[in-house]
Amino acid sequence: MVKQHLQKMGKGLVKPETFFKKVRKEIVQKNKRLNIFISIPKKFDVKTKGKLGGLPVSVKDCVCTKGLQSTAGSKILEGYVPPFDATVVKRIKKEGGVIIGKTAQDEFGFGTFSTNCAYGTPKNPIDPSRSAGGSSGGSAVAVASLSFPHISIAESTGGSISCPASFCGVYGITPTYGLVSRYGLIDYSNSLDKIGVMGKNAWDCALGLSVIAGKDGLDQTCVGETKNYTTFKRVKDKVVGVPKEYFSSAVSESVQKNVWDAIKFFESEGATIKKVSLPNTHLALPAYYIIAMTESSTNLAKLCGMRYGLSLPIEGSFNEYFSKVRTKGFGEEAKRRILLGTYMRMKGYRNKYYLKAMKIRTLVINDFKKAFKTCDVLAAPTMPFIAPKFSEIRKLTPTQVYAADVLTVAPNLAGIPMMNVPCGTHKGMPIGLHLMADHFQEEKILGFAGVKAWRR
Amino acid sequence: MAKIGLEVHVQLNTATKLFCGCRNEPNPKPNVNVCPTCLGLPGSKPRINEKAIELGYRIAFITNSKISHKMFFSRKSYFYPDMSKNFQITQYEIPLAIGGYFDVEVKGKRKRVRLIRVHLEEDPARLVHVGGGITTAKYVLADYNRSGVPLCEIVTEPDFKTAEEVVAFMKKLLSYLQHIQVFDVKKGKWRADVNVSVPGGNRSEIKNVGSIKDMEKSIRFEIMRQTHLVKFGKKVDMETRTFDSETGKTYTLRSKEEEIDYGYIFEPDLTSFEMSKDYFKKLDDSLPELPEEIEKRFRKDYGLNHEQASILTYADPALAGFFEKCAKTYNDHKKLANWLIVEVLGFLNSVNKEFYETSMPLRKKQFIKFLELMDSGKMTGRIGKELIGKFIASEDNPEKLLEKEGFSVIKDELKVRRIVKETVSEFPKAVSDYKSGKEKAVHFIVGAVLKKTRLQVDPETVKKMVVEEID
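For the record, the sequence lines run as chains A and B.
For our numbering, add 2 to where a residue sits in the first sequence, where the first one is 1.
The second sequence: position 159 = 153 (our numbering), numbered continuously.
Chain A extracted, bound-state conformation (with noise of 0.2 Å):
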């Protein structure tokens, strides 16, 4: 769809104007419904040249967008108009894509139903009752719930672009730690930020990575090439690992089928399916969460209320005011985690908890390493169930929230590419398949995502 009305928009056969008044319309009446964006601009920056050339393009709201609020979903950075775009953005629209909104998310991406969400909560769009996932829900409803050509800029740190794809129906691609520039990403965990695209289906997914991948003079970190991901390769004598801790009793019996019969319809294209085992992954949970909580308690001292974001009275010394601002302004999962965070890297902690997440992190990585040894890809359930009702959700511990992240956050903490794929469905609602593959092969996973008998 994105494909054509590129086409179209290129011979100039849709009029901008009326295209972008439809646009405007849709986005604000679905929004009251299904609070899918925190802030759309006022004016669209419409341009129809480019690789993107006149494409609605939604932004997950902790990627900075300059003119337009960014607030990572967060109150303490309410009123916050950054005066800078990040690369991504930048690059998007040097290729023509229009930004039409920053979408709804956990406050900084702390969360795994957008339940987190200091400016309402997405909902899914299939079953508003039910949690439309995290953290980048905002952007999984647009994909799935938009009815014109468009594709989202989203965001993963332990899960939150498979995570909504999953829950929703869509597809969204986590690539390679350091293939995307993070420059103008408000941090969470910046060894595990990684900023992916989501959309209706594979190619629409490549023809985002296509034009924000590569290298970037402002993020030391990436060091990606940039190339074109829309010519998918074929799937015949590729080797396809499952990995047998994927489909634990965790994991629901309907995901686990749906998720079977999409691995024997490679198989049925001709790849190979090989059992492998990834034996440090009951580690990964704790030692993601102490990682990601660790750093994320440092990127959000800077918020203290001195030079952007909330504001209040000054009063009493900085340590009393910043404390005010920082007890008004966080919610309480960002809390929870500064706490946490900033608990497991002090003295005596820090051997214990930080350092020691750090070497397992070390082996996390060696055991997919050696999965790909002999595999393309691997394939498992993204979600281990479907997505849960908010009246569910509400009754979960925190540690039991957490949990839900037991599939996605080996391959987050890997650093390797990883993508949803929309394989079936149980009770109405969507299964994900998940794929991943070594650093740097995203178009190995492509290649499966984008076989066309699949994308039926």
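Hints may contain errors.
[Unchecked claim] Chain A is nowhere near these chain B residues, computed Cβ spacing over 12 Å in every case: (1) His3; (2) Thr31; (3) Leu33; (4) Lys60; (5) Pro75; (6) Glu158; (7) Lys183; (8) Asn189; (9) Gly195; (10) Leu223; (11) Glu261; (12) Met269; (13) Phe274; (14) Tyr350.
[Said to hold, decoys possible] Using C-beta positions, here's what the derived DEER-type ranges look like: (15) Met(-5)/B with Lys354/A: 50 to 60 Å; (16) Pro282/B with Lys372/A: 44 to 54 Å; (17) Pro400/A with Arg248/B: 46 to 56 Å; (18) Tyr273/B with Pro315/A: 48 to 58 Å; (19) Thr129/B with Pro400/A: 40 to 50 Å; (20) Ser205/B with Pro315/A: 32 to 42 Å; (21) Glu87/B with Thr228/A: 30 to 40 Å; (22) Glu351/B with Ile316/A: 54 to 64 Å; (23) Glu87/B with Lys276/A: 33 to 43 Å; (24) Pro315/A with Thr129/B: 17 to 27 Å; (25) Lys372/A with Lys276/B: 34 to 44 Å; (26) Asp239/A with Asp255/B: 50 to 60 Å; (27) Leu284/B with Thr228/A: 41 to 51 Å; (28) Lys23/A with Tyr273/B: 56 to 66 Å.
No wet-lab data here; the hints were simulated from the structure.
Because the structure is a prediction, the values reported are computed rather than measured.
Every residue, glycine too, gets a C-beta built ideally from N, C-alpha and C.
Fit chain B to the known structure of chain A by using the hints.
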């Protein structure tokens, strides 16, 4: 005996800041050399300035330190209004270099100061306390021009016993840092945290001392204060103190029991990377000549003695360069050295100024002219000594100055003889003293002649004439 240790922070002489492209340059206008990164705006990221690493390594070289080939940064977290991110990017686990030493001379004796580490970090913003000091100001303004300026921290072992030793160390260190071009005294600043303890007491840390004079005074005060407490059986608290140069005293800032746990983590936005052997070879080759080498060369090439050569090399690096440039065209090297050391430095010392602060480094030709005026007899040495201060302070060329001040040498020998004759007749006592064998009495008359002629005569010629007249 006291134990003193230093943490010296030196602003490195780079064109841009440590983690962004903003200019590293003092600016009287606040908050102009700023960008999202050094302002700590959400979404901004640091990127390393390779020049700063190079300069850091130079310091490691001259301090005989063990160099880490791996560059690695950490986050040091604490809340303070001068910190744009409320964490500082610094080096913790793996500093740039460790285990070095730096030798200084104190009262003619060589002393080895061991260094714990040398590392790079970013400078925080500058706080301006309005309407008072750090504890009394009504409010505080923040200037982010300084935020992200590269700092090199040099940490010593507590190897100093006296303020004198610290002063000798700082003087030599700062001189070296200028010679190897990592520190530009005109635009860069340095400051040090000074740790002092005396036997029987705890250690106190004096924060942010910014000049050698303050360092000396604060150490002397602290030793006295602590010794006094111990002597009277009182406890010396472990604390952080500040030095007030107005009162010459140190004051408590906070107790060490409130010491912050910085919760260090690895800086995830900066990749660690390793420097190649080739890199260090190039670095070694590019290292400028060190003061010790210059001093040796000055003795050999220009026939100076150890003291002269040392003063010219260590006092002010601009001076060594100036001497050498002048020596290329002015052949009486000893005279040149003497005039620079005795007269120029003497004058600057009397007005509390440094050589680099004057226009002198740029006036090589004029200074040579100044010396040549004396060589050709157009200006007497006495007048030269009289005029050197005015010469340094003004932008005038020496001939013009001489004329302006009315100090041209009286060429008319008859005129000089007439004045001598006249003066001799005015001091019969001195004449009779001289005649009775007190040869020194003649100086009295010569002095009077010089006074009458406003130094516009050569003292040796006058002396000859006076003796002739009396005889």
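* Could you tell me which of the numbered hints above are not met by this structure, giving the numbers in increasing order? => Numbers 2, 3, 5, 11, 15, 17, 22, in rising order.
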